[in-house]
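> Residue numbers (the numbering used here), protein chains in the order written: chain A, 4 to 392; chain B, 55 to 214.
Because the hints were derived from the structure by calculation, they are not lab data.
Be a bit skeptical, because a hint or two may be false.
[Claimed, not checked] Rough simulated footprint, nothing fancy, chain A against chain B, three-plus residues with beta-carbon under 8 Å: (1) 96–110; (2) 124–135.
[What the hints assert, rightly or not] Mimicking DSSO-like on lysine-lysine, the simulated pairs with C-alpha atoms at most 27 Å apart in a straight line are: (3) A:K343 x B:K59; (4) B:K57 x A:K281; (5) B:K59 x A:K293; (6) B:K59 x A:K281; (7) B:K57 x A:K293; (8) B:K59 x A:K316; (9) A:K316 x B:K57.
[What the hints assert, rightly or not] Chain A is nowhere near these chain B residues, computed Cβ spacing over 12 Å in every case: (10) G63; (11) T77; (12) P141; (13) E143; (14) A149; (15) M150; (16) D156; (17) T163; (18) K172; (19) E175; (20) L178; (21) N182; (22) R203; (23) P207.
From a predicted model like this one, the values you see are computed outputs, not experimental measurements.
Every residue gets a Cβ at the ideal spot worked out from N, C-alpha and C, and that includes glycine.
Listed below, chain by chain, are the residues.
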Amino acid sequence: MSREISARPRRRLGKAILVSLPFLLLSTMMLMGASAGSQGNTLFLVPFLVTFAFINVLFFMMMYTGKTDRYRAVFFITMAVGFVITFIANLLEVRGSMALSAANMVRGETPFCHMVIPMTLIPAALTRTIIFPGRILGGFADVATMFTLWIGASLALGRGFCSWGCFFGGLEDGFSRIRRKPVLRRIAEKWTYLPYAVLIVVVALAALSLSPTYCEWLCPFKTVTEFAAVTSFKVAVQTAMFVSLFIGLVVVLPVMTKKRTQCGLFCPMGAFQSLTNKVNAFEVRIDREKCNDCMRCVGVCPTYSIDKASVSKGVTRISCTKCGKCVDECPSGAVSYHVKGTPVTGRTGGARMLFLYPGFIFLAVFGSGMIQGALYRLLLLLTTGSMIK
Amino acid sequence: MRKLKSFVGYTWALTALPLVLATFIGLNTWAKSLADITGVKISPWHSGGEVARVIRHDGFKTAINEPVFRGLIGERKRGFVQVKWTPDEGRRLPAMVDDSIDLDADGTTDFRVRLDTKTNEAQLDPYNPAVVGLIQVFDLGNERAIRVRLLNPHRGDTRQ
Chain A
4 MSREISARPR RRLGKAILVS LPFLLLSTMM LMGASAGSQG NTLFLVPFLV
54 TFAFINVLFF MMMYTGKTDR YRAVFFITMA VGFVITFIAN LLEVRGSMAL
104 SAANMVRGET PFCHMVIPMT LIPAALTRTI IFPGRILGGF ADVATMFTLW
154 IGASLALGRG FCSWGCFFGG LEDGFSRIRR KPVLRRIAEK WTYLPYAVLI
204 VVVALAALSL SPTYCEWLCP FKTVTEFAAV TSFKVAVQTA MFVSLFIGLV
254 VVLPVMTKKR TQCGLFCPMG AFQSLTNKVN AFEVRIDREK CNDCMRCVGV
304 CPTYSIDKAS VSKGVTRISC TKCGKCVDEC PSGAVSYHVK GTPVTGRTGG
354 ARMLFLYPGF IFLAVFGSGM IQGALYRLLL LLTTGSMIK
Chain B
55 MRKLKSFVGY TWALTALPLV LATFIGLNTW AKSLADITGV KISPWHSGGE
105 VARVIRHDGF KTAINEPVFR GLIGERKRGF VQVKWTPDEG RRLPAMVDDS
155 IDLDADGTTD FRVRLDTKTN EAQLDPYNPA VVGLIQVFDL GNERAIRVRL
205 LNPHRGDTRQ
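Given the sequences, and given the hints that come with them, work out the whole structure.
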């Protein structure tokens, strides 16, 4: 009996090492390729090695413990913080300010981000132009590169992109984990449809005005990235709006509700990304035979993607970001990753593995540069007293 | 049927990893292909439009862009034209740029602009009723650009 108990963790350790080895090889290949230009510089080498170890330890822990969200969130939050540090430091270095001048926009120096994508589609189809003051190719975060990344992520992960790729989502995810228990427990279900309304309005307004209205007026993340220099009353109003939305939706409400409120109740890109769940092989399902209707999954879902009705049907809502929190928290093991077209009952480890490999590789490759960049800036701060050169 | 659905499902799921790897490995190639295939450009409302003509002066040149009126469908009643002054290699723009702009190269000046390159203040004298006024001056380092509000001559009355 005692031999059997001691053999089980050892077998689990061996299995975890075995399934982590291909990831180690893939991450080595992908990360070495991405940092090929910076080899030989100690200030780059240390962040690279730390990030590489960080990624692989987290993936190994996912395999060893069977928990997904716990380790995904560590990387996701670190990536978001790393992105903010790297982005702001770069702006200060190159431009001297987080504020974007009219001249920067005329020169096409605005980095394109995935949040703009839904607004660009109608004008692109009708006028063959992108309504954004960036560059189609070349420079930092050009339009074509961001579109390519988004297409790849959408086909592979669906709305999983929002929990395995979006470099903004980690900020809310971090704030939503500060309190042990939520202060605000109930939000009327109708609010979960707000992102779709926001999507329709901003897409229509962007098409009519031929300008990215969400970016100009609403995007909360401009607070921690870049924003138009305040040169008029209109820009002052825009600034007040996006800063208020950042404080409300990204900081205060996530702390109070333990939910990703901007993602679940406001983000038009998230609403748009939900549609890509339809062209993706993975979903989260609830095995009705195992489910004891405790509704824990409803309580923990950070994006309001599970409700009582969906539990009774054994599915998640279309807005599911596949973060894995409900899978981790389900006391009866009824919630699991699932491959569409396959039986819901039975062993679920294979489906989880099939999702985690592309999911975590995407997160690791996309986010490693941001984490390395932030570590580099911190090292620069320690060695030179300044984060910018 | 169930087996077939499972087979298709797993095959579909198995493509996710190669898809992610291919996305990153061929990122620059895919991005270039995407740009080439779609042929999209940055909207002229943001880029200022295509350069229509370049006029050489002593020590600098004037680039006059195509007027921008393009709407989602058809053309808008109001638009703008962007004009940019670039100094020759190793030189600077004169302290005061005084330029007469002929938008459509018909031999008639449409507006005259006097731009103080030190203060970035500009004075615009319209000679064509379609020219409404100055929108903004852009300090682009060594270069300066302006945008001038225009009425679309192909849509409606251009009298002010």
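> Between K59 of chain B and K293 of chain A, is the straight-line Cα distance small enough, at 27 Å or below?
holds, 23 Å
> For the pair supplied as a hint, K59 of chain B and K281 of chain A, is the alpha-carbon distance within the 27 Å limit?
Status holds; Cα separation ~16 Å.
> The output says M150 of chain B does not contact chain A. Does that hold with a beta carbon cutoff of 12 Å?
Holds: least Cβ distance 20 Å, greater than 12 Å.
> Is the nearest CB of chain A more than 12 Å from the CB of A149 of chain B?
It holds; A149 of chain B is separated from chain A by about 19 Å at its closest Cβ, greater than 12 Å.
> Starting from K57 of chain B, check that the Cα of K281 of chain A is at most 27 Å away, please.
At roughly 21 Å apart (the allowed maximum being 27 Å), K281 of chain A and K57 of chain B satisfy the hint.
> T77 of chain B clear of chain A by more than 12 Å, beta carbon to beta carbon?
Given that some Cβ of chain A is not farther than 12 Å from that of T77 of chain B, nearest at about 3 Å, it is violated.
> Verify this label for me: G63 of chain B is non-interface relative to chain A, using a Cβ-Cβ cutoff of 12 Å.
G63 of chain B not clear of chain A: closest Cβ-Cβ about 3 Å, inside 12 Å.
> Beyond 12 Å on every Cβ pair: is that true for R203 of chain B relative to chain A?
Fine: 15 Å to the nearest Cβ keeps R203 of chain B off the interface.
> Just want to verify: K172 of chain B was marked as not at the interface with chain A; is every Cβ pair farther apart than 12 Å?
holds, 16 Å
> Over 12 Å to the closest beta carbon of chain A is the bar; see if N182 of chain B clears it.
At roughly 24 Å from the nearest Cβ of chain A, N182 of chain B sits farther out than 12 Å, so the non-interface label holds.
> For the stretch 96–110 of chain B, do at least 3 residues have a Cβ located nearer than 8 Å to some Cβ of chain A?
Our answer is that it holds, as 7 residues pass the Cβ test (under 8 Å) against chain A, meeting three.
> Does the no-contact call for D156 of chain B survive, Cβ to all of chain A over 12 Å?
holds, 23 Å
In summary, the numbered hints that this structure violates are 10, 11.
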